[in-house]
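*Asks:* Chain by chain, the residues run as shown.
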Amino acid sequence: MKNKLKIFRTIKNLTQEQLADKLNVSRQTVIAIESGKYLPSLGLAFKIAVFFKVNIENIFIYKQQEE
Amino acid sequence: MTLCKDVYTIIVMNIKKYEKIKSSVIIFIIAIITISIFSKLYLLAVVGILTGILFFSIVRFKTDIAIDEREQEIKEKAANITYAIFVPTISIGSFLLLVPSLSSSSVFSQGEFIFTETLGIIFAYLTLFLITLYTISYFFLNRKFGGKSDEK
Numbered sequence: 000m001k002n003k004l005k006i007f008r009t010i011k012n013l014t015q016e017q018l019a020d021k022l023n024v025s026r027q028t029v030i031a032i033e034s035g036k037y038l039p040s041l042g043l044a045f046k047i048a049v050f051f052k053v054n055i056e057n058i059f060i061y062k063q064q065e066e
Numbered sequence: 000m001t002l003c004k005d006v007y008t009i010i011v012m013n014i015k016k017y018e019k020i021k022s023s024v025i026i027f028i029i030a031i032i033t034i035s036i037f038s039k040l041y042l043l044a045v046v047g048i049l050t051g052i053l054f055f056s057i058v059r060f061k062t063d064i065a066i067d068e069r070e071q072e073i074k075e076k077a078a079n080i081t082y083a084i085f086v087p088t089i090s091i092g093s094f095l096l097l098v099p100s101l102s103s104s105s106v107f108s109q110g111e112f113i114f115t116e117t118l119g120i121i122f123a124y125l126t127l128f129l130i131t132l133y134t135i136s137y138f139f140l141n142r143k144f145g146g147k148s149d150e151k
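Protein sequences, first through last, are from chains A and B. Take the first sequence: its letter number 34 is residue 33 in numbering that gives the first Met the number 0, and every next letter is one higher. Take the second sequence: its letter number 136 is residue 135 in numbering that gives the first Met the number 0, and every next letter is one higher.
No lab work stands behind these hints: they were computed from the structure. For clarity, every value in this text was computed on a predicted model and none was experimentally measured. Yeah, the Cβ is synthetic: ideal placement off N, Cα and C, and Gly gets one too. Treat the hints loosely; a few may be bogus.
[Claimed, not checked] Which residues of chain B face chain A? A partial, calculated answer using Cβ under 10 Å: (1) Asp67; (2) Glu68; (3) Arg69; (4) Glu72.
[Unchecked claim] With a cut-off of at most 27 Å between alpha-carbon atoms, the simulated BS3-like pairs for lysine-lysine come out as follows: (5) A:Lys21 / A:Lys52; (6) A:Lys36 / B:Lys76; (7) A:Lys52 / A:Lys62; (8) B:Lys74 / A:Lys36; (9) B:Lys76 / A:Lys1; (10) A:Lys46 / A:Lys5; (11) B:Lys76 / A:Lys46; (12) A:Lys11 / B:Lys16; (13) A:Lys21 / B:Lys74; (14) A:Lys1 / B:Lys74; (15) A:Lys11 / A:Lys36; (16) A:Lys46 / B:Lys143; (17) B:Lys21 / A:Lys21; (18) B:Lys76 / B:Lys16; (19) B:Lys16 / A:Lys5; (20) B:Lys19 / A:Lys21; (21) B:Lys19 / A:Lys46; (22) B:Lys16 / A:Lys46; (23) B:Lys74 / A:Lys46; (24) A:Lys46 / A:Lys3; (25) A:Lys21 / B:Lys16; (26) A:Lys21 / A:Lys46; (27) B:Lys74 / B:Lys143; (28) B:Lys76 / A:Lys62.
[Claimed, not checked] A partial selection of chain A residues facing chain B, derived with a Cβ cut-off under 10 Å: (29) Val24; (30) Ser25; (31) Gln27; (32) Ala31; (33) Ile32; (34) Tyr37; (35) Gly42; (36) Leu43.
Given the sequences, and given the hints that come with them, work out the whole structure.
*Replies:* Laid out in C-alpha cells, this is it:
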C-alpha cells in the first residue's frame with residue numbers, strides 16, 4: 000500500500016505536527032504513515048481523506064501484488 | 000466562569016494535554032509514595048496509589064481522549080508477544096522446578112527441594128491462570144466484535 004500523504008500535506012503547507020493535531024493522532028503516527036511503515040485503520044484513512052477533501056483512493060493506493 | 004473554562008479545557012483535552020497532565024500526576028504520586036515509604040507511612044503510599052488510579056479512571060471516563068491507534072496497535076502486539084513468551088517460559092520453569100520433587104532419588108524425596116516444589120506449583124497455577132484469563136478475554140472479545148455463530 001502506497002500513499003500520497005506527504006504530497007497532500009505539503010500542498011496544504013502543514014507540518015507533521017500540525018497534521019497530527021488536526022487528525023488527533025501523534026506525530027509518530029503521521030511519520031509512520033508517510034513512510035509506509037504503518038497502515039492506518041479505515042476510520043483514520045477516511046478522516047485523512049475528509050480532511051484533504053479528496054477520495055480515499057486518491058491518497059492511499061492499493062497494490063494487488065501485495066496480496 | 001474560570002471553573003467552567005477549566006472543565007471545558009479538560010473535556011476537550013487532546014493527547015498532548017493528557018500526556019502532560021498524566022506526567023505531572025505520576026511525578027506527584029511517585030513523590031508521595033517515596034516520602035511515605037521513607038517516613039514509614041505505608042497507608043499514605045496505598046492511598047497515594049489508589050488516588051492516582053481513581054484520578055486516571057475519572058479523567059479517562061469523563062473526557063473524550065482519542066487513543067492513538069498506532070500506539071494501541073503497538074500495545075496489542077507487545078501484549079501478544081509478552082504472553083507468547085511468558086506463558087511457555089513459566090510453564091517450562093514450573094516443570095523443571097517440579098521434576099526434582101517427583102524424582103525417586105532419595106535426595107529429592109527427603110523434602111530438601113520443598114521450596115522449589117512450592118515455587119513450581121505457584122508457577123503452574125500462574126500458567127493456568129494466564130491461559131484461563133486469555134481464553135475468557137478471547138471469547139468475550141470474540142462475542143463483542145461479532146464472532147457469534149451464523150444466524151439462520
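*Asks:* Each hint needs a verdict: does it hold in this structure or not?
*Replies:* Hint by hint, here is what the structure shows:
1. Hint on Asp67 of chain B holds. Least Cβ distance to chain A is approximately 5 Å, under the 10 Å limit.
2. Restraint check, Glu68 of chain B versus chain A: the minimum CB separation of about 5 Å is within 10 Å; hint holds.
3. Look at Arg69 of chain B: its Cβ gets to within about 4 Å of chain A, closer than 10 Å, so that hint holds up.
4. A least Cβ separation of about 8 Å between Glu72 of chain B and chain A falls short of the 10 Å threshold, and the interface hint therefore holds.
5. Between Lys21 of chain A and Lys52 of chain A the alpha-carbon distance is near 14 Å, which keeps this suggested pair within the 27 Å criterion.
6. For the suggested pair Lys36 of chain A and Lys76 of chain B, the alpha carbons sit about 15 Å apart, so the restraint of at most 27 Å is met.
7. Restraint check: the Cα-Cα separation between Lys52 of chain A and Lys62 of chain A comes to about 23 Å, which is no more than 27 Å; the hinted pair holds.
8. Our distance criterion of 27 Å between C-alpha atoms is met by Lys74 of chain B and Lys36 of chain A, whose separation comes to about 16 Å.
9. With a C-alpha separation of about 23 Å, the suggested pair Lys76 of chain B and Lys1 of chain A falls inside the 27 Å cut-off, and the hint holds.
10. With a C-alpha separation of about 15 Å, the suggested pairing of Lys46 of chain A with Lys5 of chain A holds against the 27 Å cut-off.
11. With a C-alpha separation of about 24 Å, the suggested pairing of Lys76 of chain B with Lys46 of chain A holds against the 27 Å cut-off.
12. With a CA separation close to 25 Å, the supplied pair Lys11 of chain A and Lys16 of chain B stays within the 27 Å bound.
13. Between Lys21 of chain A and Lys74 of chain B the CA atoms are separated by roughly 23 Å; this keeps the pair inside 27 Å, and the hint holds.
14. A hinted pair counts as satisfied when its Cα atoms are at most 27 Å apart, and Lys1 of chain A with Lys74 of chain B qualifies at roughly 25 Å.
15. Proximity of Lys11 of chain A to Lys36 of chain A is assessed by CA-CA distance (about 23 Å); at most 27 Å being required, the pair is judged to hold.
16. For the hint linking Lys46 of chain A to Lys143 of chain B, the alpha-carbon distance of about 25 Å falls within 27 Å, and the restraint holds.
17. With a C-alpha separation of about 22 Å, the suggested pairing of Lys21 of chain B with Lys21 of chain A holds against the 27 Å cut-off.
18. Of the pairs offered as hints, the one joining Lys76 of chain B and Lys16 of chain B holds, with about 26 Å between alpha carbons and a cut-off of 27 Å not exceeded.
19. For the suggested pair Lys16 of chain B and Lys5 of chain A, the alpha carbons sit about 26 Å apart, so the restraint of at most 27 Å is met.
20. At most 27 Å may separate the alpha-carbon atoms for a hinted pair to count; Lys19 of chain B and Lys21 of chain A meet this at roughly 19 Å.
21. Of the pairs offered as hints, the one joining Lys19 of chain B and Lys46 of chain A holds, with about 25 Å between alpha carbons and a cut-off of 27 Å not exceeded.
22. Restraint check for Lys16 of chain B and Lys46 of chain A: the C-alpha separation of about 22 Å stays at or below 27 Å, so the hint holds.
23. Straight-line distance between C-alpha atoms of Lys74 of chain B and Lys46 of chain A comes to about 22 Å, which keeps the hinted pair within the 27 Å bound.
24. The suggested pairing of Lys46 of chain A with Lys3 of chain A holds, with an alpha-carbon distance near 15 Å, which does not exceed 27 Å.
25. About 14 Å separates the Cα atoms of Lys21 of chain A and Lys16 of chain B, which keeps this hinted pair within 27 Å; it holds.
26. Restraint check for Lys21 of chain A and Lys46 of chain A: the C-alpha separation of about 10 Å stays at or below 27 Å, so the hint holds.
27. The suggested pairing of Lys74 of chain B with Lys143 of chain B holds, with an alpha-carbon distance near 20 Å, which does not exceed 27 Å.
28. At roughly 25 Å between alpha-carbon atoms, Lys76 of chain B and Lys62 of chain A fall within 27 Å of each other, so this suggested pair holds.
29. The restraint placing Val24 of chain A at the interface with chain B holds, with a minimum CB-CB distance near 5 Å, inside the 10 Å limit.
30. Annotation: interface hint on Ser25 of chain A holds; nearest CB of chain B at approximately 5 Å, less than 10 Å.
31. For Gln27 of chain A, the shortest C-beta to C-beta distance to chain B is roughly 7 Å, which falls under 10 Å, so the interface hint holds.
32. Of the supplied interface hints, the one on Ala31 of chain A holds, with its beta-carbon coming within about 6 Å of a beta-carbon of chain B, less than 10 Å.
33. Interface hint status for Ile32 of chain A: upheld, as the beta-carbon distance to the closest one in chain B is roughly 8 Å, under 10 Å.
34. Nearest Cβ of chain B to the Cβ of Tyr37 of chain A: about 5 Å, under the 10 Å cut. The hint holds.
35. With a least beta-carbon distance of about 8 Å to chain B, the hint placing Gly42 of chain A at the interface is held under the 10 Å criterion.
36. Given the 10 Å rule on beta carbons, the hint for Leu43 of chain A holds: about 6 Å separates it from the nearest Cβ of chain B.
No hint from the list above goes unmet by this structure.
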